[in-house]
Each structure stands twice: as C-alpha cells, then as structure tokens.
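Asks: These protein sequence lines map, in sequence, to chains H and W. For what it's worth, the UniProt record's numbering labels the leading residue of the first sequence as 1, then goes sequentially. For what it's worth, the UniProt record's numbering labels the leading residue of the second sequence as 1, then goes sequentially.
Note that these hints are calculated values from the structure, not bench results. Some hints could be false.
One copy or two, it doesn't matter: identical chains are merged, so the pair holds either way.
[Said to hold, decoys possible] Result set (DSBU-like, lysine-lysine): computed pairs, CA atoms no more than 35 Å apart in a straight line: (1) Lys67 with Lys98; (2) Lys178 with Lys67; (3) Lys178 with Lys57; (4) Lys146 with Lys47; (5) Lys57 with Lys47.
Protein chains: 2
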Amino acid sequence: MNHYLAPVELEKAYRLINHGPTALVSSQYQGIEDVMSASWVCGLEFKPAKLTVVLDKAAYTRQLIEKSHQFVIQVPTARQAQMVHYLGTHTRYDEPDKLETSGVELFRLPEIPVPLVTDCAAWLYCELIPLEQNQNEHDLFIGEIKAAWADSRVFRDGRWVFEEVSEEWRSLHYIAGKRFYTTGPALDVE
Amino acid sequence: MNHYLAPVELEKAYRLINHGPTALVSSQYQGIEDVMSASWVCGLEFKPAKLTVVLDKAAYTRQLIEKSHQFVIQVPTARQAQMVHYLGTHTRYDEPDKLETSGVELFRLPEIPVPLVTDCAAWLYCELIPLEQNQNEHDLFIGEIKAAWADSRVFRDGRWVFEEVSEEWRSLHYIAGKRFYTTGPALDVE
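The whole structure should be built from the sequences, with the hints applied where relevant.
Replies: Right under this line is the structure:
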C-alpha cells in the first residue's frame, strides 16, 4: 500500500487531468482485467465531476467498460513512459499476457471494483454514463468521477507540486510515434 | 501575414492538440466576433479528423458557434499566457469590449469564415457536427477539422519542435487559479 495515496475532493478532481496528460485506463469484468493508454481523456464537468475518454473499438479494455460500466483513469509519470507506450500499442486481443509483458503492477482499494495501476501520480474512479450514440458513432465515453486520489508527494492541497519533486514525477503528454513531452515549468499569471 | 504559417495535413492535425494544451476558441456570427479560452479541448478521431470542445452556457462564444456552426481552435504560447487567462475569465456578455481589453489580435485567411488569433502556434478550423443532447446536457461540442495550420518555427514535418526554439513558444496547460504549466522536455521511448 502506498502511504502517500490521499483522497482528492471530487470538485477538484478535474485538476488531476486539466493539464492534458496522457492517461492509463483500467477496467475489469468477471475477473478479467486490462489496462490501456489513452491520450484523449478530458474534463467535462466540475460538479458532478465528469470526464470523457475516447476508446477505440480495437481496444480490449473498451468492452470490459461496456460490460462493467466502471473504469479508472490514472495519470502516469515520466518514469513509466516505456510501460505507457507499451500499453498503448499492444492489445490483449492479440496478446493475452499483455499486462505481464508490460510490467504493469495493479493494486486494489476497498470498495473500488476496478484495479488501479501502481506508482501513478493520480487515480480517478469513474462510472460510465452510457450514451449509445456517442459510444458507437464516436468511440466517446462519458464517466462520472465517483472517487479520486493522488500521490501526496506530487499533488496536495488541491494542486500539483511538480516543481517540488524530481522530473521523473512529471506527467506525460503523448504526441505520436515514440515521443512524449513531459510537463514543464509552472507559469503563473498576474 | 505570418510568413511562417504553414498548412498541416488533416491526418496529422490531431498532433497539434494531442499533448493537451489549453486552447483559444474563436468564432463569428453576423459580423460579431469572440474569443475564449478552453482547457477542455480533445482529439476525437484521426480520419476524418475531429475534436471535442466543452463550451459553458455562460460563454458568449458558444452561441456564436451554435448559430454559425464554425469555429477555430488555436494553440497559444507561453508568451500569451496573460491574454489567455484574461480571455478565459471574462465574458463578452458582461464586457462588450472584452477583445480590445484583452489585447488579442485577429487575422483572416482566404475562404476561412472565422477570425484567427495572431501569434499562436497552431490553428484548427472546424465545422460543428451538431448533436443536441451532447450540447444541451453536457456542453460538449464536436467539430470536424476542415483545415489546419501551424507556425513552422515550432511545428514542421508533422511534429512539434519545442526543443529547437525558445521557451516562450511552449504550449500552456492550465490547472486552476492563475497557474499554467508549460510544455516541458521531450521524452522518447525505445
């Protein structure tokens, strides 16, 4: 158990993804787990807290979510980049042992029916708000954020403190190919 | 006219926003223009290229888009942070001279019916795909990207080259309050 894992108020949960990081999506249905990477994760509403995620029909994780209506969005760190890339470019449909090969480690939290990815910076547990047209025509899924946590070394008092920790804690921002950008310096306006 | 403004292939246009930057949204209807900031802009589809943007009902720009079905998403730079914050925290409903006060400068491109914001790093001209339920219940708008351009000093050959230019060219990633993060160093995986 990560002793730095701390709850985040739901009304501030959007801040965990507001800077546009690449995310990991985990889900589970009938004992089968999967994790995929997703660039297209975005805030949708402050209260009740909601987000969107685009899940391609080729993604094994997608059908777990369609069946279970539950998923976790996590914010991985620079030190996990290789794993994030692997999880985003391989599918459990072709590689049943994808999770083992990727090196991803999962953990559980009480009352949360979805496994979470170890060593991420933040986690948002979501329940699907099913909207057939969006899902079928646009691969677009809406989740209501029901619980959120962050590693208090890098997010505390409702804000990221990237500038106080080493660069390996920075979020990832995927572009294409094998390239990510990491989150850079803070810039405060007047 | 910015001589560095260069077209971007539509199939690579998603790369302009894939790293999750804070965006500026411009629109026009019957000669009335507006520009707002939006954190919640996200890729949706590669081909045909589409994106989503969340537009609050309190935003003046929103009703221009609802009427004209046209808008431009632009990627501003660190040097524009103060203006971006102003455009995101003031509405033309309360301040008819918001654009003048913000200092934003607009320009036009042939055959593009929406004004574009000067000195940004990228521009994506979109036509609205109207979906009443998404717009009314979730403030969620889907646009098809019909044309895209970037400043070739910072995006060329289909990719960002932030590492080759000064830090004032970096994208902005808004969190909350008066804080942005800027795009940081590239991280390439194997």
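Asks: So which of the earlier hints does this model not fit?
Replies: Those not satisfied: there are none.
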